[in-house]
Amino acid sequence: GQQVMQIPQYQHVQEGEDFTTYCNSSTTLSNIQWYKQRPGGHPVFLIQLVKSGEVKKQKRLTFQFGEAKKNSSLHITATQTTDVGTYFCRGQGNLIFGKGTKLSVKP
Amino acid sequence: DSGVTQTPKHLITATGQRVTLRCSPRSGDLSVYWYQQSLDQGLQFLIQYYNGEERAKGNILERFSAQQFPDLHSELNLSSLELGDSALYFCASSAGGAGELFFGEGSRLTVL
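So the sequences go chain by chain: A and B. Here the working numbering is used: the first residue of the first sequence is 1, the next is one more, and so on. Here the working numbering is used: the first residue of the second sequence is 1, the next is one more, and so on.
Isolated chain B (complex conformation) (with noise of 0.2 Å):
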């Protein structure tokens, strides 16, 4: 158990709706980041939440926004969907910038 909690954990929608992933990070860590893996690819980033302020970002879509609240879970908003959205959606923490990556069991997103 990493500590680092997501939810959900599978989700099935349709083309053109909107989803909310959740993540609760370790107790403690202020950084939250989060990666979408589709089958057997790799791990793409998508950004960065450091205590609140975004961080970082990476390759996310301008219809996938995040945010990092005071009590430092983080939120991943997905949009108009399409087919392409389905991946693994993953959450990691870190106390910091720097250090080891705690990452979640995944949200499995599946479009139809």
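Just chain A, same shape as in the assembly (with noise of 0.2 Å):
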């Protein structure tokens, strides 16, 4: 099936600095899925992008959906604490997530 390779691995920031993760395959995605695990939690379903060259934004969450459909970015502004945790990608029907980058916000 598709893989998808997500990066960075580990992300530290400062309360307030921005952070971005990259999803990328090396084939065309038909969509992609965004989730977030908070530390203890069980992921959670944020979005799913269909179209190439998509934007969504959810309050200060950005996500793009790449013009090849080969990669998908979530941008977060102005972090805060409570958007510690872990997201992951998932290429639409592949069962398999990206291995996720693991945000740290220091206050």
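Because the hints were derived from the structure by calculation, they are not lab data. What you are looking at is a predicted structure, and each value in this text was computed from that prediction instead of being measured. Even for Gly, the Cβ is constructed at its ideal location relative to N, Cα and C. Do not take every clue at face value.
Stated by the list, open to error - Below, in silico cross-link-like pairs of lysine to aspartate or glutamate (DMTMM-like), each with a Cα-Cα straight-line distance of 20 Å or less:
(1) Lys102(A) x Glu105(B)
(2) Lys57(A) x Glu67(A)
(3) Lys36(A) x Glu17(A)
(4) Lys36(A) x Asp40(B)
(5) Lys51(A) x Glu100(B)
(6) Lys36(A) x Asp1(B)
(7) Lys9(B) x Glu105(B)
(8) Lys36(A) x Glu100(B)
(9) Lys102(A) x Glu15(A)
Claimed, not checked - Some chain B residues close to chain A (C-beta under 10 Å, calculated; not the full set):
(10) Ser2
(11) Val4
(12) Tyr33
(13) Tyr35
(14) Gln41
(15) Gly42
(16) Ala56
(17) Ala92
(18) Glu100
(19) Gly104
(20) Glu105
(21) Gly106
Starting from the two chains in their separate frames, assemble the complex, guided by the hints.
Encoded structure:
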């Protein structure tokens, strides 16, 4: 199946700084999903992107799907301590998640 | 609350033993997925069932088996347990093969 690579694996930021995680595939994805897992919690669905070049926003979170539908990014503006967790991407129909980016935020 | 129920939440057992983890999917969801997450690791896909039939298999050990029953609940059986099997086991469900996954809170297995 399609594999997705996520970078970076870890990101430490100061509260108020921005954060971006990237998800890359070697093949075209029909869509991509993003999930967040808080420490000690379970993954929770954030969003699904379907269209080439699509951009969606959820408050301080901005999700983009590349024009070629092979990559995606999640950008958080002005991080807060509540953003702490691991962010996973998943290509549609793909049973395998990216390895995730673990975000820590220093107050 | 995702609507996916997993039991037990915590389980401590010894090496060589066998355990069964149970998952009740969200009402109406036909697909059930099992994932293993070791400490600070990603989500390792184990197996997927759709409406009672095995749909896909990942890196599931031969010591592990699963099934989905007519009422759509699923069980993951882990036998001849080893220390390395200690992990968080998540069940997720979805309406079909696509769409978002709804995860349960997980079953934390500790093998001593």
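Given tyrosine 33(B) as an interface hint, is the shortest Cβ-Cβ distance to chain A below 10 Å? Hint on tyrosine 33(B): holds, closest Cβ of chain A at ~7 Å, below 10 Å.
Given the proposed pairing of lysine 36(A) with glutamate 100(B), does the C-alpha separation stay at or below 20 Å? 13 Å, holds
Proposed interface contact between glutamate 105(B) and chain A, which counts if any beta carbon pair is under 10 Å: Given a least distance of 5 Å, the restraint on glutamate 105(B) holds.
Hey, lysine 102(A) versus glutamate 105(B), does the alpha-carbon distance stay inside 20 Å? Within the cut-off at roughly 19 Å; holds.
Is the interface hint for glycine 42(B) satisfied, with its Cβ closer than 10 Å to some Cβ of chain A? At 4 Å from the nearest chain A Cβ, glycine 42(B) passes the 10 Å test, so the hint holds.
Interface hint status, valine 4(B) versus chain A (Cβ within 10 Å): 9 Å, holds
Close enough to count: is the Cβ of glutamate 100(B) nearer than 10 Å to one in chain A? Result: holds, 4 Å to nearest chain A Cβ.
Against chain A, is glycine 106(B) within 10 Å by beta-carbon distance? Status holds, d = 6 Å.
Keeping to a limit of 20 Å between CA atoms, is the pair of lysine 36(A) and glutamate 17(A) held or broken? 19 Å, holds
Hint check, tyrosine 35(B) versus chain A [nearest Cβ-Cβ separation less than 10 Å]: Constraint on tyrosine 35(B) satisfied, holds at 8 Å.
Restraint check for lysine 51(A) with glutamate 100(B), where alpha carbons must lie at most 20 Å apart: With Cα atoms ~16 Å apart, lysine 51(A) and glutamate 100(B) stay inside 20 Å; holds.
Does the interface hint hold: is glutamine 41(B) within less than 10 Å of chain A, judged Cβ to Cβ? Cβ of glutamine 41(B) sits 8 Å from chain A, so the hint holds.
Hint violations for this structure: none, all hints satisfied.
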